[in-house]
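Colleague: So in this note's numbering, spot 287 of the sequence shown is number 292, and the numbers just go up one at a time.
These are computed hints drawn from the structure, not numbers from a lab. By construction, the Cβ of each residue, glycine as well, lies at the ideal position given by its N, Cα and C atoms. Zero decoy hints are in this set.
Below are the EDC-like pairs computed for lysine to aspartate or glutamate, each with C-alpha atoms no more than 16 Å apart in a straight line:
1) Lys-273 / Asp-302
2) Lys-58 / Glu-73
3) Lys-273 / Glu-310
4) Lys-147 / Asp-119
5) Lys-304 / Glu-291
6) Lys-58 / Glu-310
7) Lys-304 / Glu-274
8) Lys-58 / Asp-311
9) Lys-58 / Asp-72
10) Lys-58 / Glu-80
11) Lys-319 / Glu-291
12) Lys-147 / Glu-157
13) Lys-273 / Glu-245
14) Lys-273 / Asp-311
15) Lys-319 / Glu-295
16) Lys-254 / Asp-282
17) Lys-58 / Asp-29
18) Lys-58 / Asp-34
Quick list of the computed label-pair ranges, beta carbon to beta carbon:
19) Ser-123 / Lys-254: 24 to 30 Å
20) Met-113 / Arg-78: 40 to 46 Å
21) Thr-44 / Asp-72: 16 to 22 Å
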Amino acid sequence: MSSRIILSAIAILVLISVLRVIGDRDAADLVLINGHIVTVDDDNPTAQAIAIKEGKILALGSDADIDEFLGSRTEVIDLEGQTAIPGFIEGHAHFNGVGQAQLQLNLMNVANWDEVVSMVEEAANNAEPGELILGRGWHQEKWDRAPVPNVEGIPLHITLSAASPDNPVLLTHVSGHAVYANAKAMELSGIDENTPDPSGGEIIRDGLGNPIGYFRETASRLLSPAREGAVPPDPRRVVELAQEESLAKGITTFHDAGSSFEAIDVFKEMAEDGSLDIRLWVMVRESVSELAEHLADYKMIGVGEDRLTVRAIKMSIDGALGSHGAW
6 MSSRIILSAI
16 AILVLISVLR
26 VIGDRDAADL
36 VLINGHIVTV
46 DDDNPTAQAI
56 AIKEGKILAL
66 GSDADIDEFL
76 GSRTEVIDLE
86 GQTAIPGFIE
96 GHAHFNGVGQ
106 AQLQLNLMNV
116 ANWDEVVSMV
126 EEAANNAEPG
136 ELILGRGWHQ
146 EKWDRAPVPN
156 VEGIPLHITL
166 SAASPDNPVL
176 LTHVSGHAVY
186 ANAKAMELSG
196 IDENTPDPSG
206 GEIIRDGLGN
216 PIGYFRETAS
226 RLLSPAREGA
236 VPPDPRRVVE
246 LAQEESLAKG
256 ITTFHDAGSS
266 FEAIDVFKEM
276 AEDGSLDIRL
286 WVMVRESVSE
296 LAEHLADYKM
306 IGVGEDRLTV
316 RAIKMSIDGA
326 LGSHGAW
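Hey, can you work out the whole structure from these sequences and the hints?
Modeller: In structure tokens:
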């Protein structure tokens, strides 16, 4: 074989390699085919396939239309006729609260107060004496019947306390603006009929002035002694659970309505190491003195390939409707 033929062959191979590199450079990172893709575009409401590169849509169309965006490194997912929609954006929620709820009694779907008591009783039977029992997600307006007796639709702690005499119990309202406590938690916190309401909060009482177990807004902070000795969950695990729950529900962007600097440090660490799989838009919730000292260090946009943005401050002037704390 002559040297001219060898050189020509080498040149062809180099050209093919260059063209392949150029092609891969312009190719999609991800292609979804054979599906029913909802575009949220009135002029072109659905498509069979979509090509995506660096988190942005390159093209929509039929499978054949998208062929030109395929490269050697393109991930191709056959939807097999299933529907794909844009990710949901959570407009206002508490991200770490979602994660923490996965580690507690889930009271989101309880039918009534009796069911709450039953869940707590089972947890108490399986817990060590003195072990803190936590729950989250209850809402009295969702129950199929009002508890008897009640104050403003909120039950008295009597049955809950009888079901968990040796364990402090703290059950956070779905709004996050109130906490329900049993007798043991109030005892450990030194709360009785003589405990005054704190500024910005209220201890709900019965007709005789006794606390019923319901602590609204800042009054819930009075229950902090009941938490002493409890081992806090791993903060990264809380974030992992929160994003798993969010993504399972189709939420790909989350407006987090109030997180501490400490929580944001974890978000940033995970965004930078690639383990934050959801986009977070975070409001900082700290005291005025803490904000004055540290806020400048926490202003950030698009950290970790646009996974984390911190662009607002959360301040609470009023309460919430569901917990009856708004004026």
